[in-house]
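Asks: Required output: the full structure, derived from the provided sequences and hints.
Chains A and B are the protein sequences, given in the same order.
6 is the number of the first residue of the first sequence in the working numbering; add one for each residue after it.
12 is the number of the first residue of the second sequence in the working numbering; add one for each residue after it.
Don't take every hint at face value.
[What the hints assert, rightly or not] Taking lysine-lysine pairs in the DSSO-like style, the calculated list, with each CA pair at most 30 Å apart, reads:
no. : chain 1 : residue 1 : chain 2 : residue 2
1   : A       : Lys60     : B       : Lys64
2   : B       : Lys80     : A       : Lys60
3   : B       : Lys114    : A       : Lys28
4   : B       : Lys64     : A       : Lys29
[Claimed, not checked] Have a look at the derived ranges for each label pair, beta carbon to beta carbon:
no. : chain 1 : residue 1 : chain 2 : residue 2 : range
5   : B       : Phe90     : A       : Asp22     : 37 to 45 Å
6   : B       : Glu116    : A       : Lys10     : 49 to 57 Å
7   : B       : Gly27     : A       : Cys20     : 43 to 51 Å
[Unchecked claim] Here are a few chain B residues that face chain A, going by a calculated C-beta distance under 8 Å:
no. : residue
8   : Met16
9   : Leu18
10  : Tyr59
11  : Ile61
Bear in mind the hints are in silico, worked out from the structure with no lab data behind them.
Where is the CB? At the ideal position from N, CA and C, for every residue including glycine.
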Amino acid sequence: MAPRKVRAVIGSKHCDDPKIDYKKIDYLEKFLTPQGQILSRRRSGFCTQCQRQLKQAIKRARHVGLLPFVA
Amino acid sequence: MYEAMVLLDNDVVREGYEAAKSTLVDTLQKYEATVHACRRWDERRLSYPIRRKNRATYFISYFEMPGDKIPSFRRELEFNENVLRYLLLAVDGLPEGEVDQAKAEEGADFSVPPPPEDDAIEMDEEAGETSDLDTDDDDMILDDKED
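Replies: The following block contains the structure:
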């Protein structure tokens, strides 16, 4: 049986980070794929609550044209 | 306390920064808002075109407003042709340093550089690409002739 591929988790303790904000584009961009999709919780390393905040922040940033819907 | 991020058309900002800013402040005051801070956040390229514009000036303001005035305020922003897009959020409080940054705008030595042309970067990119393609085509034609 082939060993299971383990994908790199981008960070792991983001809950200690400063408040997630839609204006911090450089920070939010780290959690997007090259196509502009939001990374899953498994890859972003966020807890449930923080992942929801991340999702909300990214969607707000997309609304005001700071981040792309599709890159 | 509310936070409003408003994208203004660069053409309006080019005509006069203070006039552009006052359109936003006047709209807020029209709906009985107490404006704590209103400042230019940034001028940047949009990630995707909005109303056929590729660049916009971002204004951010923090204010208090009676809740029943919010729908009218939203409608006013939507009808305003100079406002490309807006984001209105309820926030817990005024972020630190926001008032100082807003006051810095009111200083005599504050000046805003005129926004660049809407398609300035795109034109350069396109020109670069086309010139490269042209040279490739020439090479191809030469190759064909040699053959």
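Asks: Give a verdict on every hint.
Replies: Cross-check of the supplied hints:
{"no.": "1", "hint": "A:Lys60 x B:Lys64", "result": "holds (26 Å)"}
{"no.": "2", "hint": "B:Lys80 x A:Lys60", "result": "holds (29 Å)"}
{"no.": "3", "hint": "B:Lys114 x A:Lys28", "result": "holds (20 Å)"}
{"no.": "4", "hint": "B:Lys64 x A:Lys29", "result": "holds (23 Å)"}
{"no.": "5", "hint": "B:Phe90 x A:Asp22: 37 to 45 Å", "result": "holds (39 Å)"}
{"no.": "6", "hint": "B:Glu116 x A:Lys10: 49 to 57 Å", "result": "holds (52 Å)"}
{"no.": "7", "hint": "B:Gly27 x A:Cys20: 43 to 51 Å", "result": "holds (45 Å)"}
{"no.": "8", "hint": "Met16", "result": "holds (6 Å)"}
{"no.": "9", "hint": "Leu18", "result": "holds (6 Å)"}
{"no.": "10", "hint": "Tyr59", "result": "holds (6 Å)"}
{"no.": "11", "hint": "Ile61", "result": "holds (6 Å)"}
Violation of the numbered hints given earlier is absent; every hint is satisfied by the structure.
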